[in-house]
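Peer 1: So you can see what is in the structure, the chains are spelled out below.
Protein chains: 2
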Amino acid sequence: MKIDELGEFGLIDRIQRGLPAPGSDVIVGIGHDVAVLRATAEHVWLATCDVQMEGAHFLRDAIAPRDLGRKALAINLSDIAATGGAPRFALVSLGLLNALEVEFIDQLYAGMRAEAKIFGVDIVGGNISRSRLGVFIDIFLLGDAPRENILLRAGARAGDQILVTGTLGDAAAGVALMLGRSNAAPLQTTDEYAAIARARRDTPTPRVREGQLIGSAHTAMAMLDISDGLASDLGHICERSGVGARVLAEKLPVADENRTLARAARGDEFAFALYGGEDYELLFTAPAASAEALAEQITRETSTRVSIIGEILPASEGRQLVLPDARVVPLQARGWDHFRD
Amino acid sequence: MKIDELGEFGLIDRIQRGLPAPGSDVIVGIGHDVAVLRATAEHVWLATCDVQMEGAHFLRDAIAPRDLGRKALAINLSDIAATGGAPRFALVSLGLLNALEVEFIDQLYAGMRAEAKIFGVDIVGGNISRSRLGVFIDIFLLGDAPRENILLRAGARAGDQILVTGTLGDAAAGVALMLGRSNAAPLQTTDEYAAIARARRDTPTPRVREGQLIGSAHTAMAMLDISDGLASDLGHICERSGVGARVLAEKLPVADENRTLARAARGDEFAFALYGGEDYELLFTAPAASAEALAEQITRETSTRVSIIGEILPASEGRQLVLPDARVVPLQARGWDHFRD
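Chains as they are written, first to last, in our numbering: chain A, 1 to 341; chain B, 1 to 341.
Take these hints with a grain of salt, some might be off.
You can't tell identical chains apart in this list, so a pair holds if it fits in one copy or across any two.
[To be verified] Derived EDC-like pairs (lysine to aspartate or glutamate); straight-line CA-CA distance at most 16 Å:
1) K251 <-> D325
2) K117 <-> E239
3) K117 <-> D61
4) K2 <-> E296
5) K251 <-> E101
6) K251 <-> E239
7) K251 <-> E311
8) K117 <-> E311
9) K251 <-> E42
10) K2 <-> E101
Simulated from the structure, these hints should not be mistaken for laboratory data.
Work out the full structure, taking the sequences as your base and the hints as a guide.
Peer 2: This is the structure in structure tokens:
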């Protein structure tokens with residue numbers, strides 16, 4: 001069997017099943033975005049890694065190297081943010097082509113340094129290898145947190161409200177606008193929204209401060225960052241928590257321009273918001289009694305918009321999407337799969 | 001300027017110069033094989049990463065995937081070993097081709113699992129990405145240690161003895177024998193030594209237990225693992241410690257078969273031992289008064305041979321190699337450079 005027949009999640013399951021039970025200091029191990037490791041009785045270390053690879057994640061002539069550096073770190077920061085922890089130390093493993101200009105590396109590091117500075121991260125090491133095959137930037141990020149602050153995909157309960165930071169679908173619109181340039185009938189939008197969409201695509205903002213507020217509030221139940229698209233990532237929370245969910249399309253934080261573009265590109269105004277990927281917003285749940293206060297606290301302290309977009313249901317009710325015309329349709333997890341796109 | 005003009009170490013220097021001073025919890029940061037991070041007043045975390053990339057570090061049809069998995073973890077274990085610390089947790093970042101057989105991943109992980117089990121490491125996470133560019137296995141390894149046990153490249157002092165575990169040059173002989181198969185006049189050796197050389201090339205043994213003994217003995221002054229060849233790596237100790245060195249060729253732990261092969265392949269019987277690379281033995285220094293006792297302790301407790309191969313000199317005396325005929329020649333660092341080989 002080839003790995004593209006098994007798919008990314010099938011492969012991860014297969015790897016996970018083969019591993020022995022980890023030692024007692026491993027609180028959360030393989031199969032999650034972030035490993036949670038016991039440091040002391042009250043404190044944990046967090047460890048994650050994510051790569052940006054030429055040809056798979058970026059085209060070298062389509063993103064500025066400085067933006068690529070920022071993004072490579074940002075996607076890791078987003079994973080730590082989604083646990084409620086603080087990012088601390090980064091190792092950077094680079095695969096480089098001989099013929100690259102040194103200026104490319106200078107700019108790549110300028111981007112990583114800028115992003116590291118914003119979020120209080122030290123770049124403490126790494127590795128440089130020649131790659132005959134294209135550039136990759138593989139970042140290993142360590143964080144820490146009080147153990148009681150940590151949130152995982154598991155933990156959501158029926159009756160919880162579903163919350164999301166920021167807006168959805170803009171990065172996907174940014175990709176569509178980039179790819180659409182060469183199409184016969186290119187996608188049209190305002191210059192202002194095109195700039196927003198491009199920025200969300202190339203320099204996503206990890207919700208680090210927001211994640212720490214959510215973790216330290218001790219009212220949220222489950223959290224992750226949206227990297228594969230809301231529908232797919234909410235599916236991960238449902239699977240791990242053993243619950244269902246209802247999402248109200250009208251409550252989704254989606255720009256009007258995004259809906260227009262999604263309708264033109266995919267025939268579905270919510271396609272980018274639900275299935276787009278690379279939003280790097282936080283998706284979390286909290287009991288109805290505290291959800292609104294938590295949303296208001298985050299917005300007050302960070303100026304980041306927080307939307308309540310639906311409710312966690314018992315598993316038996318499945319995953320539902322309520323359309324603007326009140327029709328209820330299944331919320332299908334049509335997210336990104338690296339081996340099947 | 002292209003990066004191959006700058007070279008690997010020039011590039012690392014350039015990156016290092018650009019970074020701001022790290023926070024106070026970073027005891028050892030960028031520019032070392034391993035980052036040393038303050039955990040508590042007496043305890044440190046260790047973090048390192050190293051990659052095996054198709055086309056640069058391995059040829060997929062020339063190494064069994066199980067051996068590749070073992071080796072990818074072993075080279076990281078070796079870095080932690082060289083600090084005197086204990087390896088604890090690994091994250092595995094894989095770049096995979098769609099057309100790979102699942103069996104390849106099964107075997108790769110079987111190798112990593114076996115190696116992890118030997119050295120008490122938990123595989124706690126990672127990442128899987130599609131790579132159009134070939135397979136890579138990028139491993140991030142975390143370790144820990146009492147702070148007082150940690151050894152670095154810096155710290156060697158004139159008068160220290162230079163010690164090395166195991167034997168040198170066998171992995172380089174293994175590579176030469178593999179590449180030599182297709183030559184007009186293939187290299188010849190005994191079947192027994194060919195098997196040793198192949199094993200050293202494909203499944204190096206990280207000296208984890210030896211490193212912890214050296215660290216906890218508190219008599220050694222500096223240490224690293226030999227990955228680029230003895231001459232180059234001893235050069236790193238000299239540079240960081242601000243010292244010179246004299247190595248006695250006759251004291252080098254080199255198999256007779258290795259000398260014969262090196263003479264045939266390179267016209268220099270010590271070429272594989274001095275410049276070969278991928279030995280993954282520990283190179284360390286200790287004051288003359290304690291060096292022999294330390295060597296004996298390691299051999300007694302681990303059965304691993306330890307050789308005293310020379311002496312640290314003042315920087316003004318440079319780096320010298322004493323040949324078997326008593327001639328003294330400069331010990332040139334002709335190690336491996338990823339961008340210049």
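Peer 1: Each hint: holds or not?
Peer 2: Tested hints:
{"no.": "1", "hint": "K251 <-> D325", "verdict": "within (13 Å within a copy, 84 Å between copies)"}
{"no.": "2", "hint": "K117 <-> E239", "verdict": "neither (36 Å within a copy, 30 Å between copies)"}
{"no.": "3", "hint": "K117 <-> D61", "verdict": "neither (26 Å within a copy, 43 Å between copies)"}
{"no.": "4", "hint": "K2 <-> E296", "verdict": "neither (48 Å within a copy, 51 Å between copies)"}
{"no.": "5", "hint": "K251 <-> E101", "verdict": "neither (47 Å within a copy, 44 Å between copies)"}
{"no.": "6", "hint": "K251 <-> E239", "verdict": "neither (23 Å within a copy, 62 Å between copies)"}
{"no.": "7", "hint": "K251 <-> E311", "verdict": "within (11 Å within a copy, 73 Å between copies)"}
{"no.": "8", "hint": "K117 <-> E311", "verdict": "neither (37 Å within a copy, 43 Å between copies)"}
{"no.": "9", "hint": "K251 <-> E42", "verdict": "neither (38 Å within a copy, 51 Å between copies)"}
{"no.": "10", "hint": "K2 <-> E101", "verdict": "between (37 Å within a copy, 4 Å between copies)"}
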